[in-house]
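Chemist: Sequence:
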Amino acid sequence: MEQPLTRVLVIEDEASFVEAIRVSFEREGFIVDAADDGRVGLDRFRETRPDVVLLDLMLPGMGGLDVLRAIRKESDVPVIVVSAKDTEAEVVTALELGADDYVTKPYSLRELLARVRAATRRRGTPGESVTVGAATLDRDAHQLRIGNSALDLPRKEFEVMSLLMEHPGRVVPREEFLDKVWGYTWFGDTRTLDQHIRRLRRRLEEHPQAPVIETVRGVGYRVTA
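Last residue of the sequence shown: 236 in my numbering, with the numbers rising by one and none dropped.
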């Protein structure tokens with residue numbers, strides 16, 4: 012049976028960017044919807060229910076971060092922020108609000124296309140659980156249980172923790188995270204991974220029984236009980 016086409020919503024007020032994305036993505040078989048205003052983009056999101064959202068931060072009508080907050084209250088659809096803002100604070104804020112990935116302008120359309128394809132893929136096997144020490148990752152409930160506490164993790168944090176807990180004590184290279192969680196390895200920007208690790212550590216530090224995520228400089232991360 013033929014697979015349904017992937018629908019991409021581009022919320023971006025620069026017409027040249029929108030047109031370039033539309034031409035490139037439609038050539039690859041995507042359906043592209045667009046909005047040049049944050050509030051209109053949120054309405055379009057609710058109307059079309061896209062498979063992935065490309066979201067600028069500097070938008071008229073309603074700022075990109077506010078759009079992201081609103082989307083996350085309603086859906087876990089993959090959201091990739093595409094912005095000229097490239098400070099660590101901007102990246103951290105967007106990821107903490109639930110963005111799956113962050114791409115800085117200017118970007119190559121090939122890179123953006125690859126990230127969109129990767130964002131629409133899901134990893135993890137339903138029904139499988141994995142345990143490290145006092146922590147159990149329940150894929151059915153999409154929760155990390157530590158003792159009597161249950162943590163509901165955002166999707167990418169859940170996938171990062173899943174990869175770590177599948178290989179306790181082993182160093183997971185950065186490239187493996189990018190490949191298995193984000194679906195790419197060749198862009199070299201690991202800020203998104205590093206921010207997800209930081210947020211996971213903050214969550215785990217609140218629970219004395221939680222496993223520890225260790226940094227192995229120049230290589231990657233590992234989890235120990």
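No wet-lab data here; the hints were simulated from the structure.
Model, not experiment: these values are computed from the prediction.
Don't take each hint at face value.
Claimed, not checked - Pairs of lysine-lysine, DSS-like flavour, derived with a Cα cap of 27 Å:
1. 96 / 116
2. 84 / 96
3. 191 / 116
Chemist: For every hint, state whether the structure bears it out.
Modeler: Verification of the hints:
{"no.": "1", "hint": "96 / 116", "result": "holds (8 Å)"}
{"no.": "2", "hint": "84 / 96", "result": "holds (24 Å)"}
{"no.": "3", "hint": "191 / 116", "result": "holds (24 Å)"}
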